[in-house]
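> Protein sequence lines correspond, in order, to chains L and E. Following the working numbering from start to finish, the first sequence increments by one per residue and tops out at 518. Following the working numbering from start to finish, the second sequence increments by one per residue and tops out at 518.
What the hints contain is simulated information worked out from the structure, not anything from laboratory work. From a predicted model like this one, the values you see are computed outputs, not experimental measurements. Glycine included, every Cβ here is placed at the ideal spot set by N, Cα and C. Keep in mind that the hints are not guaranteed to be accurate.
[Unchecked claim] Reference listing, derived: stretches of chain L covered by chain E, where coverage requires no fewer than 3 residues with Cβ under 8 Å from a Cβ of chain E:
no., segment
1, 345-356
2, 405-413
[Stated by the list, open to error] Stretch by stretch, here's where chain L covers chain E in the computed footprint (C-beta under 8 Å, at least three residues):
no., segment
3, 39-50
4, 111-122
5, 272-286
6, 408-416
[As the list claims (entries may be wrong)] Label-pair ranges, simulated between beta-carbon atoms:
no., chain 1, residue 1, chain 2, residue 2, range
7, E, Leu165, L, Gly117, 29 to 37 Å
8, L, Pro472, E, Leu165, 34 to 42 Å
9, E, Glu452, L, His169, 42 to 50 Å
10, L, Gly117, E, Phe177, 37 to 45 Å
11, E, Arg36, L, Arg291, 16 to 24 Å
12, L, Gly455, E, Pro175, 45 to 53 Å
13, L, Arg172, E, Phe250, 40 to 48 Å
14, E, Met1, L, Asp288, 32 to 40 Å
15, E, Ser371, L, Gly473, 41 to 49 Å
16, L, Gly260, E, Pro175, 55 to 63 Å
Number of protein chains: 2
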Amino acid sequence: MTGADAILETAVANGIEICFANAGTTEIPVVAALDRQPGIRAVLGLFEGVCTGAADGYGRVLYRPAMTLLHLGPGLANGIACLHNARRADCPVVNVIGEHASWHRDADPPLHSDIKGLARTVSGWLRTSRKAAGLSTDTAAVIAASRAGQIASLIVPADLQAARLHDFHSARKEPVFQPVDRGLIRKAAAAMSRGTKTAMILGNRLLRRDGLEIAQKISSATGCDLFANTFPGYVDRGEDLPVVRRVPYFPEGAVTLMSGYETVILAGAHDPVTFFGYEGTPSRVIPDTTRTISIPGPGYDMVEFMGYLEDLVVKKKGLARARTGRSVQSKPSVPTGVLTSETACLTIAALLPEGAIVVDEGITTTFPFYSASSASPSHSICTITGGSIGYGMPCAVGAAFAAPGRPVINIQADGSAMYTVQSLWTMARENLNITTLICNNGGYNIIAVELERAGLKDFGENARRLVDIDRPGINWVGLSRSLGVPAVRADKAEQLAGHIKRAIKEPGPHLIEMMVKP
Amino acid sequence: MTGADAILETAVANGIEICFANAGTTEIPVVAALDRQPGIRAVLGLFEGVCTGAADGYGRVLYRPAMTLLHLGPGLANGIACLHNARRADCPVVNVIGEHASWHRDADPPLHSDIKGLARTVSGWLRTSRKAAGLSTDTAAVIAASRAGQIASLIVPADLQAARLHDFHSARKEPVFQPVDRGLIRKAAAAMSRGTKTAMILGNRLLRRDGLEIAQKISSATGCDLFANTFPGYVDRGEDLPVVRRVPYFPEGAVTLMSGYETVILAGAHDPVTFFGYEGTPSRVIPDTTRTISIPGPGYDMVEFMGYLEDLVVKKKGLARARTGRSVQSKPSVPTGVLTSETACLTIAALLPEGAIVVDEGITTTFPFYSASSASPSHSICTITGGSIGYGMPCAVGAAFAAPGRPVINIQADGSAMYTVQSLWTMARENLNITTLICNNGGYNIIAVELERAGLKDFGENARRLVDIDRPGINWVGLSRSLGVPAVRADKAEQLAGHIKRAIKEPGPHLIEMMVKP
């Protein structure tokens, strides 16, 4: 058995089932070991962003890590943008990064670069393996570290991967979760019980069904309003679950909204700050006059926290005031006519199948989607947590592997889609149940919006070159087919509806190019 | 005038003519300033790797920098793989990277990450601007630094870009080149003059016409053999220029070759090490018993060095022994029949137009190309200096902007092509004279080769998944057309010949999918 076998045996023993990989010569012992390891499925991405983005999607859905296998510094670098979003989603991801043989690296071969320097920028945990006999311990450690809700990276020199091991015991390690400070929770409970106007921003795993059910009881009992950050990683929604509003994207709306509260409880959520800095607007959207109670998320036992909070404000205090946790809203019906941001979102919301995972990277097109779909059947939504574009298609790939029984709907802006367009090929190869809805508006519309906010309305040649992507227009139907994914185009809402129905009924991947008018 | 205008005015004054960009909200003041700046052409890449790879190609051809405009940490990260190759090519590149407003960054907004940590891994020079009044000085400095033959990066917070400037004087700065140590050159001359068997490995700008002409005289006078590193950045070739051999890729050939020399002079070249570490083979391919004289390249005045060496061994010593600088070889004729690595390379070499820039990322398919084309008309070749795949298409984009009068031929492996496939769109938009020759062999053949070297011949399911890219096969003709580049397929050499002739005659980009049999 080789060092690479030790890595994979340990990975299987610690719950890894899948490896999103794009390997090179320095990872060959791991490739060979994968061939001997039936417990891990190897999935090829034709670009590392596909691999890390898929690991992000997988981790968001299952809340346990996939492994990536990356080739040296450049391979890791290609995966960093998607890891950035995974980091902001508090998502567990395990990266195994090949490195030159220890003795070779010092000769500064062409592919040598500072892997550690790159990995440090996205990893909450990072180690370079030093001896083959330690690979099992290292592997157990990297997995446990990731399971606390972070990116964990292990750099493994090729000579250690290839080394023969004669004495192997697979290491096991459980992640350690900190208990949340009970004093902090009592403070939160006291604020709520006093009847002050309170917002609770939920983050991390509190946006899953179990967390949301408790949150709803707390909300009913105390009248506190439930929110998520502007771009949450993964939210369960629909049917009996409470409506959770997102903090608005543009600062004006966000600041106004938050100003209405005397107390804001950050329950595993990030302190909301505006996405970009705008002169004259503060970074934090919670006013300094509002009391903020911040209960940490990743690395802490959040379910224990919510249970204790429930005990304090619902069970012990008997504050079971009647208040419907959600506004009653009816499911939209399918509109007709030209496709706009509005009609496209209504059509998708109206046809959303039970159990769907919606990966939303529609950017400007999907601003209306979240509220349009609040009365749709049970589903989950992933969003662009870190703002690093190109996360959508790979995230859909990972989500489809994580939940093969659930349809995945990726609403995908065209400009962003081009960043990791290689994902389509993996969808085709693996016959994944993903419906990709391309929002073709022919430009980086969000930048045009921000340029207008900055006072620039009539673009000249150079600015237009950097904002439009319609000269030439991208033929998404042709592009998708060339990578093995069947594709059609929709100009009208009723056409889109027909395409969506067919795509969902038929197994395997589909792409629908939505010609969205401004 | 804004800080962003100061950056661009200074850039123009210091020789920047083009900006390969993919901007976001944090670079909006620069986008707006580009609109007012006719001296710089803005070129959009639909992925940052296209931008940095294009800057690499532009810099290799002109030996002066293009500017890139990148969006925060994730935008830079997407460009790092191509910057890695540029760094290994000693290529001048100027990166301008937008950062959040200084006051906003500390609030840790979603897109915030350690830009400096990322930039440091590829940049020879790096600075974060601290005040708007210093932007002109910073810009002049970043350009001068790059012109010494390295990647230079300037991080500019958005508030500085947007700041109003009332008192602007454009800074100018020339790069400083060190003179080469003359003692070192006298040593090299002495070794050559003694008649010991000497190899001179040329690097950096000595592989351009002016350097090569002097090298040829030195070679004729002393009998020393001329080499380049395995993957040189840019080599002028053909007609009257000397044949420069490349140090072989696989270690066995490289070590055997170098063992034949008593002295090796590294003239601005890297000390050749094997691409990967192979157990039992040393990293350095020059044996320890061989004397190595290392004359530094980037940052040094290489032309002065070569002139002085010529003085010593040719002019002063009068060692004008007759020796033909190049082996007489005849241009290959177009073969017929099935397309293999061999027949594809012969066909391309036979039809290579005068003045062509060949961007070679054919990996396993183009092993035979370099020798096949040694008798082709004057041309230049770029290769994958840092081994980071996906450099080819963007490099072709940059080369086409650098030399609009020269046809660019990109021989491109399929697996690598997928990494930066977005380049095709920029070729179409800008109507660049690039002929892309895709080597469709349906797999990462180099990895299969390395797996075989490692003793793995019969791949199982997991290994095959990571090496083959033919389930589904990529339809390169469809893919290319969907992004606006006309495309055709060739199964036979004679068909390929017809396609190449037409593509070269007709302006604008073309893609030819070569179905290469193993």
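> Go through the numbered hints given earlier and state which of them the structure violates, listing their numbers in rising order.
As far as the earlier hints go, 1, 2, 6, 9, 10, 11 and 12 are violated by this structure, in ascending order.
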